[in-house]
Structures are given as structure tokens and as C-alpha cells.
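K.L.:
Residues per chain are reported as follows:
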Amino acid sequence: MSSTAIFINVFTLGCLIFAFLKNRAKTRQALKVAVKSFLRILPIVFIIIIFIGLFLGFVSPNLISEIVGEQSGFSGVLFVALLGAISHIPSLISFPLAASLIKSGASVTAVAAFITTLTMIGIMTLPLEIKELGKKVALLRNGISFVFAIIIALIMGSIL
Amino acid sequence: MKKAVGKKQKKGIIKDIIFLGIALIVAIILLSFFPDRREAVAAASWEIFIEMIWILPAVMVLMGLFSVWVSKEIVVKYLGKASGIKGIFFAILFGALPTGPLYVAFPLAAALIKKGARISNIIIFLSAWACIKIPQEMVEFQFLGLKFMVARLILTIIFVVIMGVSIEKIIEWSDKKEREPIGGKDGAGIRS
Numbered sequence: 000m001s002s003t004a005i006f007i008n009v010f011t012l013g014c015l016i017f018a019f020l021k022n023r024a025k026t027r028q029a030l031k032v033a034v035k036s037f038l039r040i041l042p043i044v045f046i047i048i049i050f051i052g053l054f055l056g057f058v059s060p061n062l063i064s065e066i067v068g069e070q071s072g073f074s075g076v077l078f079v080a081l082l083g084a085i086s087h088i089p090s091l092i093s094f095p096l097a098a099s100l101i102k103s104g105a106s107v108t109a110v111a112a113f114i115t116t117l118t119m120i121g122i123m124t125l126p127l128e129i130k131e132l133g134k135k136v137a138l139l140r141n142g143i144s145f146v147f148a149i150i151i152a153l154i155m156g157s158i159l
Numbered sequence: 000m001k002k003a004v005g006k007k008q009k010k011g012i013i014k015d016i017i018f019l020g021i022a023l024i025v026a027i028i029l030l031s032f033f034p035d036r037r038e039a040v041a042a043a044s045w046e047i048f049i050e051m052i053w054i055l056p057a058v059m060v061l062m063g064l065f066s067v068w069v070s071k072e073i074v075v076k077y078l079g080k081a082s083g084i085k086g087i088f089f090a091i092l093f094g095a096l097p098t099g100p101l102y103v104a105f106p107l108a109a110a111l112i113k114k115g116a117r118i119s120n121i122i123i124f125l126s127a128w129a130c131i132k133i134p135q136e137m138v139e140f141q142f143l144g145l146k147f148m149v150a151r152l153i154l155t156i157i158f159v160v161i162m163g164v165s166i167e168k169i170i171e172w173s174d175k176k177e178r179e180p181i182g183g184k185d186g187a188g189i190r191s
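From first to last, the protein sequence lines are chains A and B.
For the first sequence, counting from 1, position 145 maps to 144 in numbering that gives the first Met the number 0; every step adds exactly one.
For the second sequence, counting from 1, position 23 maps to 22 in numbering that gives the first Met the number 0; every step adds exactly one.
One chain only, chain A, in its complex shape (with noise of 0.2 Å):
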């Protein structure tokens, strides 16, 4: 168990403690939550966890590195941003894509760049938004946000 599992742990059980003791109804009922979030999440966990095994033995790190790797330039890049643009998988599962990414060979801005765009763009959820917030706001808050996801994601590779 790596330490910031362990702190992640530590902390959320402080703060159940912490629950418990000022109202035990609403702890029970966010448990309930907790429980109910962690099952509809499980199946995606899975497959996500087949699809990195699968992804890690058969695909080569020479391969990854050629698409998303540092030679890949900015064209890999932006290839990466637009996957993640129209991917529609739960952010929290994308790390763990992201880090075994890394490990076989994509540069750090192709990672930053995969997952800010993946979290900060919603092309699923583009109709609602447009519906709740007009067509002005929601393209131009998902069209700067493509933008600004790479510039973040070129300074994150220049400092990392």
C-alpha cells in the first residue's frame, strides 16, 4: 500500500469519525451514497482494468512512444487532446490509464493534455449544457477550454 493511499485512508476516516459524531442520520445516509457511487462505478473500474492489462501486454511501449511519446511533437498531442475531448469515461478512472501511459512511453504533455481535456470537455454532455446555459456560454466554454487545455498541457511538459 503506497503512502498516499494510506493518507487518502487516514483522512477519510477522520473525517467519517468526524461525521459520526455530529450526526449519525446524515453519516448513514452518505454511506448510502458511498455504496450506491462504488457499485455503479465497479463495472467501468473493470473494464478499465482489462483494458489497461490487454493494452500494457500487447501494445509495445515503442508503439506508445511513437504515437504520444516526446517525438510525437504536437500533432501527437493534439491528437491525444481530441481523443480525450470525445472520450467519455469518469475522470477518476483515467488516472490510472494516464500513469501506465507514462510508464510505457507518452510524454507527460500528451498525458496532461488527454486528461484536462477529457475532464474539463464534455461532448456528451454538450446538449444539456447548451440547453441549460444557451449556445454562446457552452461552445465557447468547451471551445477556450480545448485551447487552454493544451497550453496547460505544453507548460506542464516544459516544467515536469
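Accuracy of the hints is not assured; some may be wrong.
Think about it this way: if two alpha-carbon atoms lie no more than 20 Å apart in a straight line, the pair counts; the simulated EDC-like pairs of lysine to aspartate or glutamate are [unchecked claim]:
no., chain 1, residue 1, chain 2, residue 2
1, A, K130, B, D174
2, A, K102, B, E38
3, A, K102, B, E46
4, B, K113, B, E72
5, B, K113, B, E171
6, A, K134, B, D174
7, A, K135, B, E171
8, B, K80, B, E167
9, A, K35, B, D15
10, B, K114, B, E72
11, A, K130, B, E167
12, A, K102, A, E69
Not close to chain A: a few residues of chain B, all C-beta gaps over 10 Å, as computed [as the list claims (entries may be wrong)]:
no., residue
13, K6
14, S31
15, E72
16, I73
17, K76
18, G79
19, K80
20, S82
21, I84
22, K85
23, L92
24, K114
25, G115
26, K175
Because the hints were derived from the structure by calculation, they are not lab data.
Glycine included, every Cβ here is placed at the ideal spot set by N, Cα and C.
Take the given structure of chain A and dock chain B to it, following the hints.
P.N.:
Frame of chain A; chain B shown alone:
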């Protein structure tokens, strides 16, 4: 309304389970054709599984706690009137609290606009909701390391604030030009 959401969720989970089945079948077929890859695939999957199982329950508990304690009413109350630096701070804070998926945030944002919140704060709120969630940062920390997480967090906050302010300017400028209400059917997006 609530029933409709529940139904949608049920449909979603069935879809996910079907996809899981397909993934399993694909994996079994692939691995029976390439038995030499079995070990590598199993090792990689197992490693990810262990890492996730140590962290996901805690993350879910935190999300549950926040979703019960921080009600929509509190968000609307604090964000509806706050402005300036304070407004930006609240927008990021409430966005970052783990209180549900993005599609929950859109109606909330529309309600905030009607209450007179600034467009810039709404954009910052939505973007923070989408990409600066506290549990998300924790998982990012776990898998990609502290440096990666902190660097991306700081950069994201800076650019999200820039984006919020510039979208507000663009909207104001184009409103002046058109003198027409923007936004959806119910006129969300007008700020007077």
C-alpha cells in the same frame, strides 16, 4: 423527475455491465490466441486493481459525505451574490467539492445565473466542477505523483479564471452588439 434519473442510471449500469461482458470476452479470446501474453496482461491488470481497490472506497465515502452535507441551497446562497476575488474563491471551492457528476452542475449553474451570479463565476464554477474535484485530485496524486497533480491543479485554476473572465467579456460585448437575450429557451444567461 427523480424517477426518470433513477431509470436512466439503471439503464446506464446495464449498459456498463454489457460492455464489461464484451471486454471479458475480447480478453479471453485474445489471450487464448496469444498465451505468451497472459502473464504480462494479468500482471498489469492486477497491479492496477490493487492500486484502485485501496483508494476507491475512501474516495466514494468522501463524495458521499459531501453530497449529503453540502446542499444545492448552500451553493446557490453563497455563489449567487459573491463577487470579485471572493466570488472566484467560492466558485472554485464549491466546484471542487465532491458533489456529483457534471450534469448535475448545469441546472445549478442556470439557477445561479437567474439569481444574478456573474457569468465569469458560473464558468469558473462549472470548470472547477468538471476538473478540480477533490477526490479526482486525490486519485491523480496516487497515480501520477504530487508534482504532476500540483502543477496541473495550479495551471488549471489560473486558466479557468482567465477563461471565466474572458467569456464574460465576450458575452457582454456581443450582447451590446446584438441587444438580444442569449441563452436557452427560458432566457438563462441574461444578466441585468
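K.L.:
Now look at each hint and say whether the structure bears it out.
P.N.:
So, going through the hints one by one against the coordinates:
no., hint, verdict
1, A:K130 - B:D174, "19 Å, holds"
2, A:K102 - B:E38, "18 Å, holds"
3, A:K102 - B:E46, "13 Å, holds"
4, B:K113 - B:E72, "14 Å, holds"
5, B:K113 - B:E171, "16 Å, holds"
6, A:K134 - B:D174, "13 Å, holds"
7, A:K135 - B:E171, "11 Å, holds"
8, B:K80 - B:E167, "16 Å, holds"
9, A:K35 - B:D15, "15 Å, holds"
10, B:K114 - B:E72, "12 Å, holds"
11, A:K130 - B:E167, "19 Å, holds"
12, A:K102 - A:E69, "13 Å, holds"
13, K6, "14 Å, holds"
14, S31, "13 Å, holds"
15, E72, "15 Å, holds"
16, I73, "14 Å, holds"
17, K76, "19 Å, holds"
18, G79, "16 Å, holds"
19, K80, "19 Å, holds"
20, S82, "18 Å, holds"
21, I84, "21 Å, holds"
22, K85, "22 Å, holds"
23, L92, "16 Å, holds"
24, K114, "14 Å, holds"
25, G115, "15 Å, holds"
26, K175, "13 Å, holds"
Checked against the numbered hints above, the structure violates none of them.
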